[in-house]
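Q: For reference, the chains in residue letters:
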Amino acid sequence: MKKYLIHSWMIMAAFLVAASLPSVSRAQSFAGNWNYDNKASKNVGAFFESGEMRYMLKIVSEGNGKMVIDHRTGTEAGWNTKKLNLDLNGPETTSTFPRGDLYRFSFEAVAIGPDQTIRAKAVQGSNKSEFDVTLHYTVLVSQGTYNIVQHDHYQLSPDGKTLTVTETRNSRVEDEPAVYVFQRAN
Amino acid sequence: MKASKSMSKRIFMYSLLAAVGLFIARGPAMAKEEAKTIHCYVMNVAGDWKITGDLPREALVISLQGLVNRTGPNLYLLYGSDYDYHNVQALLDYYHKDHGVDYTMIKSIPDALVKFRKYVKGYIVYDQKIRDSIVLSFTVAGIEDGVVVAPDQVPMMKKLGFKELANFEGKFENMDTTQIYQWAYDHYWNKCSHKEMIYMGGVEGNYMKPGIADLGIANRAFFFDLSTDPNTGGTQYQLAKKLYSKMKPFSFIFGWHSYMKDTEHTSVTLASHYALRVEGLNTLPNMSFHRWIKLPPGYKFQAHHADLKNLKLEKKIYVSFIQSDGLGIGAWLKPGRGKIPYTWEVNMYWYHYAPAILQYYYSQATPNDEFIGTLGGPSYMYPKAIPDKYRPTAIKMAAKLIKDLDINMFEIFDASDSLTRDLPKNIVDEYFKYMPNAIGFVNGYGPAHTFATKDGRPFMSFDYYLPPTRTVKEADADLEELAKMNPKRPYFICFHVREYTDVQGVMNIMKPLGPEFKIVPLDVFLKLAGMDPTFKTQYQFTR
Numbered sequence: 001m002k003k004y005l006i007h008s009w010m011i012m013a014a015f016l017v018a019a020s021l022p023s024v025s026r027a028q029s030f031a032g033n034w035n036y037d038n039k040a041s042k043n044v045g046a047f048f049e050s051g052e053m054r055y056m057l058k059i060v061s062e063g064n065g066k067m068v069i070d071h072r073t074g075t076e077a078g079w080n081t082k083k084l085n086l087d088l089n090g091p092e093t094t095s096t097f098p099r100g101d102l103y104r105f106s107f108e109a110v111a112i113g114p115d116q117t118i119r120a121k122a123v124q125g126s127n128k129s130e131f132d133v134t135l136h137y138t139v140l141v142s143q144g145t146y147n148i149v150q151h152d153h154y155q156l157s158p159d160g161k162t163l164t165v166t167e168t169r170n171s172r173v174e175d176e177p178a179v180y181v182f183q184r185a186n
Numbered sequence: 001m002k003a004s005k006s007m008s009k010r011i012f013m014y015s016l017l018a019a020v021g022l023f024i025a026r027g028p029a030m031a032k033e034e035a036k037t038i039h040c041y042v043m044n045v046a047g048d049w050k051i052t053g054d055l056p057r058e059a060l061v062i063s064l065q066g067l068v069n070r071t072g073p074n075l076y077l078l079y080g081s082d083y084d085y086h087n088v089q090a091l092l093d094y095y096h097k098d099h100g101v102d103y104t105m106i107k108s109i110p111d112a113l114v115k116f117r118k119y120v121k122g123y124i125v126y127d128q129k130i131r132d133s134i135v136l137s138f139t140v141a142g143i144e145d146g147v148v149v150a151p152d153q154v155p156m157m158k159k160l161g162f163k164e165l166a167n168f169e170g171k172f173e174n175m176d177t178t179q180i181y182q183w184a185y186d187h188y189w190n191k192c193s194h195k196e197m198i199y200m201g202g203v204e205g206n207y208m209k210p211g212i213a214d215l216g217i218a219n220r221a222f223f224f225d226l227s228t229d230p231n232t233g234g235t236q237y238q239l240a241k242k243l244y245s246k247m248k249p250f251s252f253i254f255g256w257h258s259y260m261k262d263t264e265h266t267s268v269t270l271a272s273h274y275a276l277r278v279e280g281l282n283t284l285p286n287m288s289f290h291r292w293i294k295l296p297p298g299y300k301f302q303a304h305h306a307d308l309k310n311l312k313l314e315k316k317i318y319v320s321f322i323q324s325d326g327l328g329i330g331a332w333l334k335p336g337r338g339k340i341p342y343t344w345e346v347n348m349y350w351y352h353y354a355p356a357i358l359q360y361y362y363s364q365a366t367p368n369d370e371f372i373g374t375l376g377g378p379s380y381m382y383p384k385a386i387p388d389k390y391r392p393t394a395i396k397m398a399a400k401l402i403k404d405l406d407i408n409m410f411e412i413f414d415a416s417d418s419l420t421r422d423l424p425k426n427i428v429d430e431y432f433k434y435m436p437n438a439i440g441f442v443n444g445y446g447p448a449h450t451f452a453t454k455d456g457r458p459f460m461s462f463d464y465y466l467p468p469t470r471t472v473k474e475a476d477a478d479l480e481e482l483a484k485m486n487p488k489r490p491y492f493i494c495f496h497v498r499e500y501t502d503v504q505g506v507m508n509i510m511k512p513l514g515p516e517f518k519i520v521p522l523d524v525f526l527k528l529a530g531m532d533p534t535f536k537t538q539y540q541f542t543r
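Protein sequence lines, in the order shown, are assigned to chains W and Y. Under my numbering, the first residue of the first sequence carries the number 1, and numbering increases by one thereafter. Under my numbering, the first residue of the second sequence carries the number 1, and numbering increases by one thereafter.
Some clues are possibly wrong.
[Said to hold, decoys possible] In silico lysine-lysine, DSSO-like type, Cα no more than 30 angstroms apart, as pairs:
| id | chain 1 | residue 1 | chain 2 | residue 2 |
| --- | --- | --- | --- | --- |
| 1 | Y | 473 | W | 42 |
| 2 | Y | 248 | Y | 433 |
| 3 | Y | 334 | Y | 473 |
| 4 | Y | 121 | Y | 163 |
| 5 | Y | 433 | Y | 396 |
| 6 | W | 82 | Y | 536 |
| 7 | W | 66 | W | 42 |
| 8 | Y | 242 | Y | 195 |
| 9 | Y | 473 | W | 39 |
| 10 | Y | 536 | W | 83 |
| 11 | Y | 433 | Y | 389 |
| 12 | Y | 396 | Y | 246 |
| 13 | Y | 518 | Y | 334 |
| 14 | W | 83 | W | 39 |
| 15 | W | 39 | Y | 261 |
| 16 | Y | 384 | W | 82 |
| 17 | Y | 242 | Y | 191 |
| 18 | W | 83 | Y | 484 |
| 19 | Y | 115 | Y | 97 |
| 20 | Y | 195 | Y | 400 |
| 21 | W | 83 | Y | 384 |
| 22 | W | 42 | Y | 511 |
| 23 | W | 82 | Y | 261 |
| 24 | W | 39 | W | 128 |
| 25 | W | 42 | Y | 484 |
| 26 | Y | 536 | Y | 316 |
| 27 | Y | 315 | Y | 473 |
| 28 | W | 42 | W | 121 |
| 29 | Y | 158 | Y | 191 |
| 30 | Y | 536 | Y | 425 |
| 31 | W | 58 | Y | 261 |
| 32 | Y | 334 | Y | 511 |
| 33 | Y | 384 | Y | 425 |
| 34 | Y | 484 | W | 82 |
| 35 | Y | 400 | Y | 425 |
| 36 | W | 82 | Y | 425 |
| 37 | Y | 484 | W | 121 |
If you are wondering where the hints come from, they were derived from the structure by calculation, not from laboratory data.
Required output: the full structure, derived from the provided sequences and hints.
A: Right, here's the structure in full:
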């Protein structure tokens, strides 16, 4: 009986490990520290283009497709951190961004208000080297607020050393997408 | 024949009388003309500003300029066409044409030293390996009436018969920056004027651009290069704080922060904590000369103002442009000025320090060129960092200056909080209260989000900032995005233009945009915004 129980437990454990492996790996392959590559990026905000902005991504896998993308941007005025929670193919997640200017909007008067909740839905298909995120958030503008819908496409290079994030948003009129390129640190 | 002789005699007499009359009439005028002519000398210091390159020549001449301009406008320096300040030659031409300044070129340093020998008691030798020793030597130059020299220049000085006043070769080899300026403080602080202090920062490493040093030497100011960053500055920050605390409120910090060790924001924040006035840059040239060029008797500054009566609001996107960073390093002399309404930030302290520079800009301004007072206070000050007890005085001083300069608009920028450029309500209210002569206010450098109105006077923030890297296509997409996110009309875009972009460049951006976008002068813009403030009243959030 004891032998049977141990055997059953081992089968179950093996099953659980096997079932969780794809989820872990799909987020883990993106995990790590990423340094912004100004030269390879295109049509990004003026802050980034001018080189005034330092930009890093830290992606932490939390297992089962869950991950946290920590956007760290810095100017001579200081560092700004925004942590985005994602769940690949899971339910919509929420994150809270600190109040402040949004550098993706270049030097337009667009900011995140206090305690602003960001809703995000992350989807990954069969290609595990890419995923898409749809973000919903409200920004402050001079006449009040505006609801932004933003689509981000994350693409990992075959060697896993380059991460390309292509971004579009509903507020931008007839414009090419912004392409942010990052190189894996270390 | 007799008649003819008599006629000749009469003609001779009349001619004589006419000549005497002419002499009497012209005499005072000629004498006046003679009196107003200013004779000065001009030297060229253009070079590479390398400590191991042209700086020894440049620093020596600038220190000489500080000494010889103590008693009058004796020496003016040219800096070359690629220098940070574009108007150096233009101002000399203006002084020559409109202020009776006549000049003679001096081609060599020995010639200059011989010419101005009576002003120079000797020389101070700095250590070329230690940048701080150069900065310190400027302080000593002012106190001891000497010029600063590199070791290689000592033989020349000796040959010309000058004596050594101080020699810092090897003196500071085992000292760090804080120790060097502490030593300078211990030995020279009490002998310095405390009306001004000079932050000799800017470019670092093997470069130094000490354009402002002549003013500091002329006025016997203390020079320093200490980090103002509380997080990374360590003992340098502590000493900088100590120096600032010794200055009387509303004294001046000339120069600029170090691009290697701290930031504009930490530097201005620290100065504002002690209610000190920041005036950049370290490159600012000829200030010891400019102060002697007086305004004509009875001269009053008259700026251009639009007719603000009977303004009618339209369902438009109103755009108004302000050029950043004051007059002198901007696009004043570049293409397009005068073609569209444009506003220029004014260095208001020139009213006292160099009024003729302002006269130059006022005289050249077209009806499309308006002026706005800057920045936060009578100089560059962060209102949130100024102690509460000094802020009303700072605003009142600024209000007096804009009145004297015939300006009715004022700009504020506060980066003392790294996360926001916005202002709390109590400070916005203070500007409304203590600057009643302003028809409106503009806040920010990059965009900000503080908006309010009081009795038809708007307090607005920049909705857009144009950096030099933005293409026409990108900037147009930015403006159209703003227009989409701010759907009410009229919509008011206050547009800040970095000094590297000229007016023609701005016109190129506006051209592809549709007729919904309407460019207006800033005073019209503020008046219209006050009439229909479609922006939402908001202040800095409490965090």
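Q: Hint by hint, note whether the structure agrees.
A: Cross-check of the supplied hints:
1. 473/Y with 42/W: The hint holds at about 14 angstroms.
2. 248/Y with 433/Y: 25 angstroms, holds
3. 334/Y with 473/Y: The given pair, whose Cα atoms are some 22 angstroms apart, holds under the 30 angstroms limit.
4. 121/Y with 163/Y: 7 angstroms, holds
5. 433/Y with 396/Y: 9 angstroms, holds
6. 82/W with 536/Y: 26 angstroms, holds
7. 66/W with 42/W: At roughly 29 angstroms apart (the allowed maximum being 30 angstroms), residue 42/W and residue 66/W satisfy the hint.
8. 242/Y with 195/Y: Roughly 16 angstroms between the alpha carbons, so the hint for residue 242/Y and residue 195/Y holds.
9. 473/Y with 39/W: Given pair residue 473/Y, residue 39/W holds - Cα atoms ~19 angstroms apart, limit 30 angstroms.
10. 536/Y with 83/W: 29 angstroms, holds
11. 433/Y with 389/Y: 15 angstroms, holds
12. 396/Y with 246/Y: 23 angstroms, holds
13. 518/Y with 334/Y: OK: residue 518/Y and residue 334/Y at ~23 angstroms, within 30 angstroms.
14. 83/W with 39/W: Holds: residue 83/W and residue 39/W sit about 25 angstroms apart, inside 30 angstroms.
15. 39/W with 261/Y: Answer holds: residue 39/W to residue 261/Y is near 26 angstroms, not above 30 angstroms.
16. 384/Y with 82/W: 26 angstroms, holds
17. 242/Y with 191/Y: Roughly 17 angstroms separates the two Cα atoms, so the pair holds.
18. 83/W with 484/Y: Within the cut-off at roughly 28 angstroms; holds.
19. 115/Y with 97/Y: OK: residue 115/Y and residue 97/Y at ~25 angstroms, within 30 angstroms.
20. 195/Y with 400/Y: 20 angstroms, holds
21. 83/W with 384/Y: 29 angstroms, holds
22. 42/W with 511/Y: 24 angstroms, holds
23. 82/W with 261/Y: 27 angstroms, holds
24. 39/W with 128/W: Holds, at roughly 26 angstroms.
25. 42/W with 484/Y: 23 angstroms, holds
26. 536/Y with 316/Y: 17 angstroms, holds
27. 315/Y with 473/Y: 25 angstroms, holds
28. 42/W with 121/W: 25 angstroms, holds
29. 158/Y with 191/Y: 27 angstroms, holds
30. 536/Y with 425/Y: Judged against 30 angstroms, a Cα distance of about 14 angstroms means the pair holds.
31. 58/W with 261/Y: 27 angstroms, holds
32. 334/Y with 511/Y: 19 angstroms, holds
33. 384/Y with 425/Y: With Cα atoms ~11 angstroms apart, residue 384/Y and residue 425/Y stay inside 30 angstroms; holds.
34. 484/Y with 82/W: Holds. Residue 484/Y to residue 82/W sits at ~26 angstroms (cutoff 30 angstroms).
35. 400/Y with 425/Y: Roughly 23 angstroms between the alpha carbons, so the hint for residue 400/Y and residue 425/Y holds.
36. 82/W with 425/Y: The hint holds at about 27 angstroms.
37. 484/Y with 121/W: 25 angstroms, holds
Every hint, counting from the list given before, is met by this structure.
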